[in-house]
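Q: Those letters in the sequence shown? Residues 51 to 420, per my numbering, in order.
Keep in mind the hints are simulated off the structure, nothing from the lab.
Being a predicted model, the structure only gives us computed values, none of them experimental.
Among the clues, some could well be false.
Stated by the list, open to error - Pairs of lysine-lysine residues, derived as DSBU-like cross-links and limited to a Cα-Cα distance of at most 35 Å, are as follows:
#1 LYS103 x LYS76
#2 LYS112 x LYS68
#3 LYS348 x LYS68
#4 LYS103 x LYS337
#5 LYS112 x LYS249
#6 LYS337 x LYS324
#7 LYS112 x LYS313
#8 LYS240 x LYS324
#9 LYS348 x LYS324
#10 LYS122 x LYS324
#11 LYS249 x LYS103
#12 LYS337 x LYS68
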Amino acid sequence: VIGNGVVVDPFVLIQELKQLHSVGLKIDLLVSDRAHFITPYHLQIDQLQEEAKGDQKIGTTKRGIGPTYADKTSRIGVRACDLLDSVKSSQWEILAETSTARIKDLHHSDVEEQTQKSIEDYTDALNQIRHYFGDSGTFLNTAIESGQRILFEGAQGTLLDIDHGTYPFVTSSNCVSAAAATGTGVAPTKLGSILGITKAYMTRVGAGPFPTELHDATGEILRARGGEFGTVTGRPRRCGWLDLVALNYAVRVNGAEYLAVTKIDVLTGLDIVKVCVGYDIDGTEMKSIPASSTTYSKATPIYEELAGWSELPVINNDSDAYSSLPDSMIEYLQNIETWTGSKVAIVSIGPDRTDTILVPEVLPEISIDV
Numbered sequence: 051v052i053g054n055g056v057v058v059d060p061f062v063l064i065q066e067l068k069q070l071h072s073v074g075l076k077i078d079l080l081v082s083d084r085a086h087f088i089t090p091y092h093l094q095i096d097q098l099q100e101e102a103k104g105d106q107k108i109g110t111t112k113r114g115i116g117p118t119y120a121d122k123t124s125r126i127g128v129r130a131c132d133l134l135d136s137v138k139s140s141q142w143e144i145l146a147e148t149s150t151a152r153i154k155d156l157h158h159s160d161v162e163e164q165t166q167k168s169i170e171d172y173t174d175a176l177n178q179i180r181h182y183f184g185d186s187g188t189f190l191n192t193a194i195e196s197g198q199r200i201l202f203e204g205a206q207g208t209l210l211d212i213d214h215g216t217y218p219f220v221t222s223s224n225c226v227s228a229a230a231a232t233g234t235g236v237a238p239t240k241l242g243s244i245l246g247i248t249k250a251y252m253t254r255v256g257a258g259p260f261p262t263e264l265h266d267a268t269g270e271i272l273r274a275r276g277g278e279f280g281t282v283t284g285r286p287r288r289c290g291w292l293d294l295v296a297l298n299y300a301v302r303v304n305g306a307e308y309l310a311v312t313k314i315d316v317l318t319g320l321d322i323v324k325v326c327v328g329y330d331i332d333g334t335e336m337k338s339i340p341a342s343s344t345t346y347s348k349a350t351p352i353y354e355e356l357a358g359w360s361e362l363p364v365i366n367n368d369s370d371a372y373s374s375l376p377d378s379m380i381e382y383l384q385n386i387e388t389w390t391g392s393k394v395a396i397v398s399i400g401p402d403r404t405d406t407i408l409v410p411e412v413l414p415e416i417s418i419d420v
């Protein structure tokens, strides 16, 4: 199910559906008829706006996401329900007129011929996916009432949230746990346990404050071992030590009772691993993230050093897997628990499913099947 909080690019959706078909998977998809759609206008506007920012670029993927959310808020966007018959709905005409004026203002010319051609292709793409459009909110609530279990998955991370992130170096939507309700039409009271996902170190793509960023050989080790390159852009991710101040903030904002710590294997072989436990900002020690990104960019991390571990155990997926981890790794995880107040429920020590360790003492508390 793709909820109403998502903005959908039909070309990308079709590409992903083809990938699923190619491996023999049956497609059982429902796209919310309230979801907003990325159009060729949004793609061109995104590129022109980013170019106009010059040195102040925030590192957008130029996939039209920001302009689509902007039009959603301005009440001129188009939703799936507006595209059920054609791209000639009254809402589409409003979007087209407004977008054309904006493009002309940014580019000092009319809408590019390529964009006009893309609109023809856009219509063809919509014809391939319209049968997936429907009332996802009713579908999900009916499933919950019948006792079915549902996993809500968000995108990106807390510090990229439009309200709670490092504004303006953020995405254009809410990506904290509360968005599971607003983005699907399921009431907050019907949501169950919240499992936060965090790497054992920090990464970031694009501009924005990053107090624990490493510009040395250790940073290169993290990037190489972790395969830290942007999924969309392919850009190298910025890497750094785990920031417990930021993680504690994310846990609080999301209400994450439990954590899944991934890629902890990337730290293997380091004699010392560091975690940030505070910031020095203009001579003042802080234990929280300032609202201003300008202020946050001045933060110097205050580190606590922990012993590293030299190797990983062979995991047999039994109940003793967690206890077989190196003592110093367990201490690292316990440090995370102490700082955040959340319980580590899952630990990943590699890319394969067999490298995922479930913490037996914690999992029974979570109202999900793992």
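Q: Determine for every hint whether it applies to the structure shown.
A: Hints, verified against the model:
Among the hinted pairs, LYS103 with LYS76 is inconsistent with the structure: their alpha-carbon atoms are about 44 Å apart, more than 35 Å. Between the alpha carbons of LYS112 and LYS68 the distance comes to roughly 23 Å, so the proposed pair stays at or under 35 Å and holds. A C-alpha spacing of about 46 Å is found between LYS348 and LYS68, which places the hinted pair above 35 Å, so the restraint is violated. For the given pair, LYS103 sits about 33 Å from LYS337 by alpha-carbon distance, which is consistent with the 35 Å threshold.
A C-alpha spacing of about 26 Å is found between LYS112 and LYS249, which places the hinted pair at or below 35 Å, so the restraint holds. A threshold of 35 Å between alpha carbons decides the hint, and for LYS337 with LYS324 the separation of about 16 Å falls inside it, so the pair holds. For the proposed pair LYS112 and LYS313, the alpha carbon gap of about 28 Å is at most 35 Å, so the pair holds. A hinted pair counts as satisfied when its Cα atoms are at most 35 Å apart, and LYS240 with LYS324 does not qualify at roughly 39 Å.
A threshold of 35 Å between alpha carbons decides the hint, and for LYS348 with LYS324 the separation of about 20 Å falls inside it, so the pair holds. Of the supplied pair hints, the one linking LYS122 and LYS324 is violated, its CA atoms being roughly 42 Å apart against a limit of 35 Å. A threshold of 35 Å between alpha carbons decides the hint, and for LYS249 with LYS103 the separation of about 31 Å falls inside it, so the pair holds. A distance of roughly 47 Å separates the Cα atoms of LYS337 and LYS68; the hinted pair therefore is violated under the 35 Å criterion.
When each numbered hint is compared with the structure, violations occur for hints 1, 3, 8, 10, 12.
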